[in-house]
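Please work from the sequences and hints to get the whole structure.
Those protein sequence lines, which keep their order, are chains A and B.
Quick note, the first sequence lines up with residues 1 to 345 if you use our numbering.
Quick note, the second sequence lines up with residues 1 to 345 if you use our numbering.
Hints listed in this document are in silico derivations from the structure and should not be mistaken for laboratory results.
Predicted model only: the values in this text are computed from it and were never measured.
Just so you know, not all the hints are guaranteed correct.
A pair counts as met if it fits within one copy or between any two copies, since identical chains are not told apart.
Unchecked claim - With a cut-off of at most 25 Å between alpha-carbon atoms, the simulated SDA-like pairs for lysine to any residue come out as follows:
#	residue 1	residue 2
1	Lys291	Arg177
2	Lys150	Glu259
3	Lys277	Arg155
4	Lys208	Ala55
5	Lys291	Ser76
6	Lys34	Lys200
7	Lys199	Val24
8	Lys150	Glu58
9	Lys235	Gly170
10	Lys281	Ala100
11	Lys291	Glu75
12	Lys291	Arg172
13	Lys208	Thr63
14	Lys150	Asn130
Listed below are the residues making up each chain.
There are 2 protein chains.
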Amino acid sequence: MRGGIDLGGTKIQAVVVDSKWNVVGQSRHPTPTKGKPAGVANEMANALREAAAEAGIEPGDLTSAGVGSPGDVDESTGSVSQARNLPGWEGTFETGPWLADALGTQVFVGNDVGVATEAEAKLGAGRDYNSLIGVFWGTGVGGGIILNGKPWLGRGAAGEIGHMVVKMDGARCTCGRRGCMEAYAGRAAMEIEARKRQKKGAKTDLFKIMEKRDRDRLTSGIWARALKAEDPLAKELIDRAVEALGAGVASAVNLLDVEAVIIGGGLGVRFGEPYVKRIRKAMMPHLFSDKNPPAIEVAALGDFGGGIGAALLASNREKKPSRRTRAKADAASGDGAAAGAETPA
Amino acid sequence: MRGGIDLGGTKIQAVVVDSKWNVVGQSRHPTPTKGKPAGVANEMANALREAAAEAGIEPGDLTSAGVGSPGDVDESTGSVSQARNLPGWEGTFETGPWLADALGTQVFVGNDVGVATEAEAKLGAGRDYNSLIGVFWGTGVGGGIILNGKPWLGRGAAGEIGHMVVKMDGARCTCGRRGCMEAYAGRAAMEIEARKRQKKGAKTDLFKIMEKRDRDRLTSGIWARALKAEDPLAKELIDRAVEALGAGVASAVNLLDVEAVIIGGGLGVRFGEPYVKRIRKAMMPHLFSDKNPPAIEVAALGDFGGGIGAALLASNREKKPSRRTRAKADAASGDGAAAGAETPA
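Structure follows, in structure tokens:
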């Protein structure tokens, strides 16, 4: 069995998967909003311990564990730098080594959006496609690109679909720039806009719902509740987000002409099919080859996609025992399937 | 020797190249604004005949000829459908067979932007890069993508960088949509805007220059002259185009993180280095990885890039004589280099 941790701006989702990538244990914690990287890492370790407990094993018995992290990830060392949306993470933190020490197993760290995209491409909604864009609609809007069945990383920084410009001189983005898709569609930017509008007198129950649910930020669940209650500000800001997503996704498809677009992320998964249909509708007027639109689908692995992707990364990176050692281990443990598990093609 | 024809919305550029891709003959005709596809094809044939004459050979003695065409190109048959910006070309015209018949040599047809991008990637400003985007700033704004040294075509329609959305609810594009980069930066859209503004009373000499030079549209040369004369409307519309190009190119780079961006096309080549620098400056504020910007360069093959690319396409597609036949032909013609020419790696 392997562990996977998806570190998001809002939540930490840990999973334990078996050799067939079924989730056999999981745990979800809110991402700390204060403190230092070690505090966040401690919360990640706790989440994975709970997921392991649910799967009936000790973390130290996991073959390996993976982490999908925001920020600049050095895959070779497991260190993470400049993870904005995470508290006190302007510098570099040795996420991989810290967790390996805390959990007692090998830990590999990859880019959050990258591992989630590969999980969808290999095991999820993207299985039938050779080229796709993964759009992760959450605290920010992340993107992952698969071309000819393989991740396209550019010089290491490809996939910043959230920072494609959909409106020159437009809204201020959390990245400091103007008019990015994320400035309209990212959960963090939407919350800033909601607070600003409320201050200016806009009527909304968004923050009442937040307090009632004992949260300190507008999570995807709060947005969903407000929409259900037909809160006018929530409706307006989500409509605005959908329009921006439609324009940005269309721009990306006009450039790359991929077979499919997979919509995931906290908001994408929470809102699901009806909103993916709305994004599709918002995309169509901007699509150049509108007679041949790409498939647009909800991420099939849902909230677990990032964690499963992190476990997939670990499986690809871990030091495999030699055949002889493995045969011995299999004989000793009787767990041939798990020990011999390989990444699916 | 091989022929290459670049069919643009404003001009037809024909070249004849030797086995080392040097241009040894060329001719340029304005693209007819009226008539049927056969009229345009006739003008293409005339241009290539003149280029051949300059090179001192008959068109029928060319090893082959290529055409870079706008519209939907069927490479297998050489037919072209729905070439907007060309007169009466809503249906399908058998460009390849028509020209082969008129010129007496094999003719192959490819996508205009695709062949120009490959020419820059293999022989021009992109030679040193493994991944690049070609941006052809002319009547429209076309894009070509090279990833891992190979063209990325998607499902056949990739590269529509001109129709990436840079301003939601923005200016009307010649494609009918709103807010496309081309709606601000395409020569055709800029001309429509200039006429509209002049009607509303804006002061400009753009149309006087046009009449004086006996033209019926605002060619890149006319824009250049107006800028030199510090025409305020020309300056304003070109500034607007540069801003849109900066935003659109940044969006594409944020998504793909390529090594280089090559700026070509009628306006790109005419304005050259100073404007490529301005596009770079307009891109920077939108670039997510702004510490690691791509190289931005002027298309090195200039106005001949499309034609050379078309000849390159022909060379890749033509039926090569068998070794034995070739040896015989070489012995007979004494032109071993040309007959044995291969596409450069």
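Which earlier hints can't be squared with this structure? Hints 4, 6, 7, 8, 10 and 13 contradicted; others consistent.
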